[in-house]
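J.: Starting from the known structure of chain G, arrange chain B on it as the hints suggest.
Residue numbers (the working numbering), protein chains in the order written: chain G, 1 to 457; chain B, 1 to 457.
It should be emphasised that the hints constitute simulated quantities derived from the structure, not laboratory data.
One should not assume that every hint holds.
Copies of the same chain look alike in the list, so a pair counts if it fits in one copy or across any two.
Heads up, simulated DSSO-like pairs for lysine-lysine below, C-alpha to C-alpha not over 30 Å straight-line [unchecked claim]:
{"no.": "1", "residue 1": "Lys412", "residue 2": "Lys439"}
{"no.": "2", "residue 1": "Lys272", "residue 2": "Lys233"}
{"no.": "3", "residue 1": "Lys272", "residue 2": "Lys356"}
{"no.": "4", "residue 1": "Lys388", "residue 2": "Lys354"}
{"no.": "5", "residue 1": "Lys233", "residue 2": "Lys356"}
{"no.": "6", "residue 1": "Lys272", "residue 2": "Lys354"}
{"no.": "7", "residue 1": "Lys376", "residue 2": "Lys456"}
{"no.": "8", "residue 1": "Lys263", "residue 2": "Lys12"}
{"no.": "9", "residue 1": "Lys439", "residue 2": "Lys272"}
{"no.": "10", "residue 1": "Lys388", "residue 2": "Lys412"}
{"no.": "11", "residue 1": "Lys235", "residue 2": "Lys354"}
{"no.": "12", "residue 1": "Lys356", "residue 2": "Lys35"}
{"no.": "13", "residue 1": "Lys356", "residue 2": "Lys235"}
{"no.": "14", "residue 1": "Lys12", "residue 2": "Lys388"}
{"no.": "15", "residue 1": "Lys272", "residue 2": "Lys388"}
{"no.": "16", "residue 1": "Lys354", "residue 2": "Lys233"}
{"no.": "17", "residue 1": "Lys263", "residue 2": "Lys456"}
{"no.": "18", "residue 1": "Lys235", "residue 2": "Lys439"}
{"no.": "19", "residue 1": "Lys171", "residue 2": "Lys376"}
{"no.": "20", "residue 1": "Lys356", "residue 2": "Lys456"}
Protein chains: 2
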Amino acid sequence: MDQIQSYINEHKDRFLSELCDFLRIPSVSADSRYKEDVARTAAFVRDSLVAAGADHVEICPTPGHPIVYAEKIINASLPTVLVYGHYDVQPADPLELWDSPPFEPVIKDGLIVARGACDDKGQVFMHVKAFEFMMRNNLLPCNVKFMIEGEEEVGSSHLGDWIRANKERLKGDVILISDTSIIANDIPSIDVGLRGLSYVEVEVTGPNRDLHSGVYGGAVANPISILCEMIAKMKDENNHITIPGFYDDVVALSSADRAELNKAPFSLDEYKRDLDVNDVHGERGYTTLERTGIRPTFEMNGIWGGYTGEGAKTVLPSKAYAKCSMRLVPNQDSATITRLFAEHFERMAPEGVKVKVTPHHGGEPVVTPTDSVAFKAASMAMEKTFGKKPIPTRGGGSIPIVALFEKELGLKSVLMGFGLDSDLIHSPNEHFGVFNFLKGIETIPYFFQQYAELSKA
Amino acid sequence: MDQIQSYINEHKDRFLSELCDFLRIPSVSADSRYKEDVARTAAFVRDSLVAAGADHVEICPTPGHPIVYAEKIINASLPTVLVYGHYDVQPADPLELWDSPPFEPVIKDGLIVARGACDDKGQVFMHVKAFEFMMRNNLLPCNVKFMIEGEEEVGSSHLGDWIRANKERLKGDVILISDTSIIANDIPSIDVGLRGLSYVEVEVTGPNRDLHSGVYGGAVANPISILCEMIAKMKDENNHITIPGFYDDVVALSSADRAELNKAPFSLDEYKRDLDVNDVHGERGYTTLERTGIRPTFEMNGIWGGYTGEGAKTVLPSKAYAKCSMRLVPNQDSATITRLFAEHFERMAPEGVKVKVTPHHGGEPVVTPTDSVAFKAASMAMEKTFGKKPIPTRGGGSIPIVALFEKELGLKSVLMGFGLDSDLIHSPNEHFGVFNFLKGIETIPYFFQQYAELSKA
Chain G
1 MDQIQSYINE HKDRFLSELC DFLRIPSVSA DSRYKEDVAR TAAFVRDSLV
51 AAGADHVEIC PTPGHPIVYA EKIINASLPT VLVYGHYDVQ PADPLELWDS
101 PPFEPVIKDG LIVARGACDD KGQVFMHVKA FEFMMRNNLL PCNVKFMIEG
151 EEEVGSSHLG DWIRANKERL KGDVILISDT SIIANDIPSI DVGLRGLSYV
201 EVEVTGPNRD LHSGVYGGAV ANPISILCEM IAKMKDENNH ITIPGFYDDV
251 VALSSADRAE LNKAPFSLDE YKRDLDVNDV HGERGYTTLE RTGIRPTFEM
301 NGIWGGYTGE GAKTVLPSKA YAKCSMRLVP NQDSATITRL FAEHFERMAP
351 EGVKVKVTPH HGGEPVVTPT DSVAFKAASM AMEKTFGKKP IPTRGGGSIP
401 IVALFEKELG LKSVLMGFGL DSDLIHSPNE HFGVFNFLKG IETIPYFFQQ
451 YAELSKA
Chain B
1 MDQIQSYINE HKDRFLSELC DFLRIPSVSA DSRYKEDVAR TAAFVRDSLV
51 AAGADHVEIC PTPGHPIVYA EKIINASLPT VLVYGHYDVQ PADPLELWDS
101 PPFEPVIKDG LIVARGACDD KGQVFMHVKA FEFMMRNNLL PCNVKFMIEG
151 EEEVGSSHLG DWIRANKERL KGDVILISDT SIIANDIPSI DVGLRGLSYV
201 EVEVTGPNRD LHSGVYGGAV ANPISILCEM IAKMKDENNH ITIPGFYDDV
251 VALSSADRAE LNKAPFSLDE YKRDLDVNDV HGERGYTTLE RTGIRPTFEM
301 NGIWGGYTGE GAKTVLPSKA YAKCSMRLVP NQDSATITRL FAEHFERMAP
351 EGVKVKVTPH HGGEPVVTPT DSVAFKAASM AMEKTFGKKP IPTRGGGSIP
401 IVALFEKELG LKSVLMGFGL DSDLIHSPNE HFGVFNFLKG IETIPYFFQQ
451 YAELSKA
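Only chain G is shown next, with the shape it has when bound in the complex:
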């Protein structure tokens, strides 16, 4: 397996060049204008897997964007690793804040800069190249199946149905996912918990048309003001969320577990300096690591209404809108939380306005086991390539499909990601370190090796 080092040295320019081709296709799943591009990206993934040596490579249509499936079965008696990833990306706006166009990747100062560089095209491509290495050198130690989807950034709406329809084909032993971060390039880590998600859009309607704020102002409910008041009431003075029942199912961590979690390397000063804020802001009684790791949140993702152009317009608008999302922790249930939010929001609406709540997508929180063969294999693989044992961490983000895999396939996941929190995923100037990309390609074959060996025992 140690040939991986020299294989990377020999091929890294090609790997980077191919990754840039992958990043150049704007696979924005949220925006229907990119539908063709998303389809072209699926074809790119298919072609890459074929070239790397996979069998039965197939673009599986769904009512939304397609899923790319591939496999290499070397021996039915050996264990099977299912690799999951996604080839779709977040919208790139605000475009004006990018230093280079989001879909024209550049490699600069050791960073690959493009939308999707880290989340998740770069990390998906590590798996394709690690697989290529194992195939070309006849080193694949077990079976592998790939499921690379195109709707992760919009809630994986059609993955569940597809999985249920393909249970036989998807039989395996563990799910391997690279869509998370390590603490630092010299502090490897593995996510052992992910928050769930409830994402909703709200609409507040006041008068039936936009009005002149001079003629009607002061006498009619202004939907922007009402929306702001309703949002303000979603948290109390301690930044606890006020939705009745919101915390009912939250599993509280023991003091010992909280103490353990807070041992992770973290500098509040560096954190504030990095974000250029004079203070952090969150739920009273919890540290920043707890706020982002083990506590549920209510976060505003977007708001709009009225006149937002240049200059001044004295309008009292008819409608105001917002998008907001709640991150969930074990044992919260996303459908329940969405319902509690909707009921609360509708109940809060004062006379003079109508409100509408539209759920976008949800996902369940998960905790992955640290005593499994797969976790041990990932830990040993990272220790081999980083020279340090990885730290188990609780990630704040959500990969809703982890709970889905568990429910539908009965399989646990291992979250062996190689990004950094500073990679600006979902933001302008998203990037992925060349170091991280190559380190992923280097580490993955060791995971397969360790996993195959430990499974034998």
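T.: Here is chain B on its own, set in the frame of chain G:
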């Protein structure tokens, strides 16, 4: 003067056709992309005044959009009426809510539908056509001067300087303005009070870049949430504005004056039905007519931040913005109120965010006299053409230049407008009744006649 009826009958198709030409030019003063169109509109006004018979017609440049000046001096010993109006219009968005394109006027069901149809191109054009009638029939009974500006919708920023530089040329006896409404087509009215305006834009900055709401959510101040909380705190539970000192200079009306004001024809049921709201919403202790007429307001005009596109994006944005405006009543001062707002908003900002307040434009509240020759002339003219004495009302809107004229030229204004509150000015599908347009053309010559006669006495 009674020939005006037959003149209108003979020429009304041409009047409407010319007005449509005027409306077709998109003179959006707030948006710099329309600069050339605004200039073309000024030229249209100039040409119309020349054709109607005015002298010394001139497009007067300013650092912003130009002012069109014209005059007809028939005898220096006669009184002089200064007609003020504006040829610029509000932005037309949201475009998708227009039933026909805003700058392609259509006449349908007795309504001229276009941006600016009522506010204020249609009303300006009534004066041009009434003047044409008086000139062609040798009936102009006194001197007239026109000042038609192109920056009313953006705060008349350069009118003050221009007036101060042209005091000699602008000498006169009264300002006549048609930029307001009547109560109904069978209930004529004249505005005797206008609210002032303070318009501000605010920006709240949290982290220095857009963040992933999963990774950072719950731990960093979200500028949308903070902005909403700050806006919510601008009013208390009685919808009183909480800015310290905001009400200090407000002149309270006597009970008798309030009782008089509430005698104006008004049906709360019709008002609610027209706006499709189940209740009105405003400052406790005041009626709807008081809320829109004699009380100051704080109104949200626009808000934006984060992801506002299709679908879902789990972003914790760096910035959120809002536009808001306060309507002021006698004796509030717009610069003082703007300062009080800015100080309050900056003081309210919690740790973890930075805020910025940008004043847009302001204007002072005014009350116009009802015992003047000019008011009597307007009242008699309307009584003549509507067959009913007009009711004096307090308008909720602002025409900041009324205070400016008083200060710089020492002249009072008469607000003889012919629109309706239902004309959707500043909204999609703005319109102006053909009845109202022609009624204005019919009434204006009587005003001149009455004003000249009463001035002699």
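J.: A separate judgement is required for each hint: does it hold in the structure or not?
T.: Going through the hints against the structure:
no., hint, in the structure
1, Lys412 x Lys439, "within (24 Å within a copy, 78 Å between copies)"
2, Lys272 x Lys233, "both (27 Å within a copy, 27 Å between copies)"
3, Lys272 x Lys356, "between (37 Å within a copy, 20 Å between copies)"
4, Lys388 x Lys354, "neither (57 Å within a copy, 40 Å between copies)"
5, Lys233 x Lys356, "both (17 Å within a copy, 24 Å between copies)"
6, Lys272 x Lys354, "between (40 Å within a copy, 14 Å between copies)"
7, Lys376 x Lys456, "within (14 Å within a copy, 104 Å between copies)"
8, Lys263 x Lys12, "neither (36 Å within a copy, 83 Å between copies)"
9, Lys439 x Lys272, "within (28 Å within a copy, 65 Å between copies)"
10, Lys388 x Lys412, "within (24 Å within a copy, 83 Å between copies)"
11, Lys235 x Lys354, "both (22 Å within a copy, 21 Å between copies)"
12, Lys356 x Lys35, "within (28 Å within a copy, 39 Å between copies)"
13, Lys356 x Lys235, "both (20 Å within a copy, 24 Å between copies)"
14, Lys12 x Lys388, "within (24 Å within a copy, 88 Å between copies)"
15, Lys272 x Lys388, "within (27 Å within a copy, 69 Å between copies)"
16, Lys354 x Lys233, "both (17 Å within a copy, 22 Å between copies)"
17, Lys263 x Lys456, "neither (34 Å within a copy, 92 Å between copies)"
18, Lys235 x Lys439, "neither (42 Å within a copy, 55 Å between copies)"
19, Lys171 x Lys376, "within (21 Å within a copy, 91 Å between copies)"
20, Lys356 x Lys456, "neither (55 Å within a copy, 63 Å between copies)"
Consistency with the previously given hints fails for numbers 4, 8, 17, 18, 20, ordered from lowest to highest.
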